[in-house]
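Quick note: the sequence shown uses the working numbering, first residue 42, plus one each step.
If you're looking for bench data, these hints aren't it; they were derived computationally from the structure. A virtual CB, placed ideally from N, CA and C, is assigned to each residue, including glycine. Treat each hint with caution, since some may be false.
As the list claims (entries may be wrong) - Below 20 Å or equal to it, Euclidean Cα-Cα: the simulated SDA-like pairs (lysine to any residue) are:
{"id": "1", "residue 1": "Lys97", "residue 2": "Gly239"}
{"id": "2", "residue 1": "Lys97", "residue 2": "Pro254"}
{"id": "3", "residue 1": "Lys215", "residue 2": "Ile113"}
{"id": "4", "residue 1": "Lys45", "residue 2": "Lys215"}
{"id": "5", "residue 1": "Lys47", "residue 2": "Ile277"}
{"id": "6", "residue 1": "Lys215", "residue 2": "Phe276"}
As the list claims (entries may be wrong) - Each pair of labels, with its calculated beta carbon distance range:
{"id": "7", "residue 1": "Leu251", "residue 2": "Met168", "range": "43 to 53 Å"}
{"id": "8", "residue 1": "Ile303", "residue 2": "Pro105", "range": "46 to 56 Å"}
{"id": "9", "residue 1": "Ile277", "residue 2": "Ile235", "range": "38 to 48 Å"}
{"id": "10", "residue 1": "Trp243", "residue 2": "Gly311", "range": "30 to 40 Å"}
{"id": "11", "residue 1": "Pro43", "residue 2": "Lys97", "range": "39 to 49 Å"}
{"id": "12", "residue 1": "Ile303", "residue 2": "Leu108", "range": "21 to 31 Å"}
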Amino acid sequence: MPPKPKHWALLFYLVLFWGFAFGLIAMALEVFHPVALVWGRLTLGAIIMAGVLIYKRLSLPKDPVWLLRLLILSVTGNVLPFVLVAWAEQHVASGEVGLLMALMPITTLVMGHYFLTHERFTQQRMMGVFLGLAGVALLLGDDWWVYGGELRLTGQLVTLFATFCYAANGIYAKRLPPIDPVVLAAGSLAVGSILLLGPALWFQDWSQSLEIPSAWLALFVLGTMATGVATWVYFIVVGEVGPGFLSTINYLIPGVAFLVGITVLGETAGWPQYTALLLVLSGVWLIQPRPPKVHAATIAAVKG
Numbered sequence: 042m043p044p045k046p047k048h049w050a051l052l053f054y055l056v057l058f059w060g061f062a063f064g065l066i067a068m069a070l071e072v073f074h075p076v077a078l079v080w081g082r083l084t085l086g087a088i089i090m091a092g093v094l095i096y097k098r099l100s101l102p103k104d105p106v107w108l109l110r111l112l113i114l115s116v117t118g119n120v121l122p123f124v125l126v127a128w129a130e131q132h133v134a135s136g137e138v139g140l141l142m143a144l145m146p147i148t149t150l151v152m153g154h155y156f157l158t159h160e161r162f163t164q165q166r167m168m169g170v171f172l173g174l175a176g177v178a179l180l181l182g183d184d185w186w187v188y189g190g191e192l193r194l195t196g197q198l199v200t201l202f203a204t205f206c207y208a209a210n211g212i213y214a215k216r217l218p219p220i221d222p223v224v225l226a227a228g229s230l231a232v233g234s235i236l237l238l239g240p241a242l243w244f245q246d247w248s249q250s251l252e253i254p255s256a257w258l259a260l261f262v263l264g265t266m267a268t269g270v271a272t273w274v275y276f277i278v279v280g281e282v283g284p285g286f287l288s289t290i291n292y293l294i295p296g297v298a299f300l301v302g303i304t305v306l307g308e309t310a311g312w313p314q315y316t317a318l319l320l321v322l323s324g325v326w327l328i329q330p331r332p333p334k335v336h337a338a339t340i341a342a343v344k345g
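Use the sequences and the hints to build the structure in full.
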């Protein structure tokens with residue numbers, strides 16, 4: 042069905058909250074350890090999605106095989122990339138992390154070429170991959186010792202590894218037997234929350250975590266609005282309009298994340314960052330299928 046004003050409003054919601062997610066992570070890191078931050082985010086998101094499951098009269102699978110699948114989905118699509126991104130933002134500006142995460146669709150395309158029969162290179166797509174990699178190379182070679190020392194470069198590389206996690210998650214999800222995607226999302230969030238409960242209690246100094254209320258607010262918005270509600274909104278749009286309508290979020294969200302970092306958080310950026318933004322987003326635009334179709338891993342990457 043053609044998109045209605047409601048769907049455009051939901052698209053704006055996704056771009057806004059998934060674009061702001063990287064800035065919210067930076068704010069929450071003022072108080073929370075990366076692992077505790079991700080645990081809180083996954084727990085709040087799981088609570089929201091549990092409500093959606095009840096509303097839709099669905100339930101999580103009890104088959105051990107599906108529980109193992111949910112574990113793999115959670116580790117590759119939630120736990121590992123979320124923790125990597127949060128750790129990276131301790132040393133790399135949130136806007137730059139959001140920009141680097143724009144490489145995810147390109148990473149998915151490259152991996153899908155080898156693991157999925159319907160993902161094949163064309164001349165246009167190869168040019169898109171080249172532009173995306175050129176943008177990343179520009180960021181990695183940008184006088185990193187001046188701004189953040191070796192840890193900035195490490196944070197950039199960790200962010201790039203997170204894109205591989207998301208790509209692997211998307212490819213794995215495409216190979217699963219049919220199941221309601223709401224069940225997959227709710228199950229992976231819940232499994233992630235359980236996995237990180239112990240580490241979160243271990244790493245976080247909860248006795249001093251009330252010192253900055255804005256960090257708690259950032260975590261609450263990140264978990265509820267940018268993870269739980271946004272996941273539900275995503276499935277509403279895909280179910281009613283189709284994934285092609287959401288193809289533009291692949292390059293809108295990194296742009297929003299970059300602008301939020303500069304305008305809201307006061308992060309600095311020079312010509313390498315702006316040039317890399319242009320190169321990476323141009324590459325993402327070129328690799329979009331014609332007619333456009335969102336890659337399966339998009340939901341994971343744009344969440345930060």
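The hints, checked one at a time:
Restraint check: the Cα-Cα separation between lysine 97 and glycine 239 comes to about 31 Å, which exceeds 20 Å; the hinted pair is violated. At most 20 Å may separate the alpha-carbon atoms for a hinted pair to count; lysine 97 and proline 254 exceed this at roughly 34 Å. Between lysine 215 and isoleucine 113, the direct Cα distance comes to roughly 13 Å. Compliance with the 20 Å bound is thereby established for this hinted pair. Proposed proximity of lysine 45 and lysine 215 is contradicted: the alpha carbons are some 28 Å apart, above 20 Å.
Pair hint lysine 47 plus isoleucine 277 holds up; C-alpha atoms about 11 Å apart against a cutoff of 20 Å. Taking the CA atoms of lysine 215 and phenylalanine 276, the gap is about 16 Å. The hint holds against a cut of 20 Å. Range check, leucine 251 to methionine 168: about 51 Å between beta-carbon atoms, so the 43 to 53 Å window is met. Roughly 48 Å separates the CB atoms of isoleucine 303 and proline 105, a value that falls within the hinted 46 to 56 Å.
Isoleucine 277 and isoleucine 235 have their C-beta atoms about 27 Å apart, which leaves the hinted 38 to 48 Å range violated. Distance hint for tryptophan 243 and glycine 311: a CB-CB separation of about 39 Å, consistent with the stated range 30 to 40 Å. Checked against the hint of 39 to 49 Å, the pair proline 43 and lysine 97 fails, with Cβ atoms roughly 25 Å apart. Range check, isoleucine 303 to leucine 108: Cβ separation about 43 Å, and the 21 to 31 Å hint is violated.
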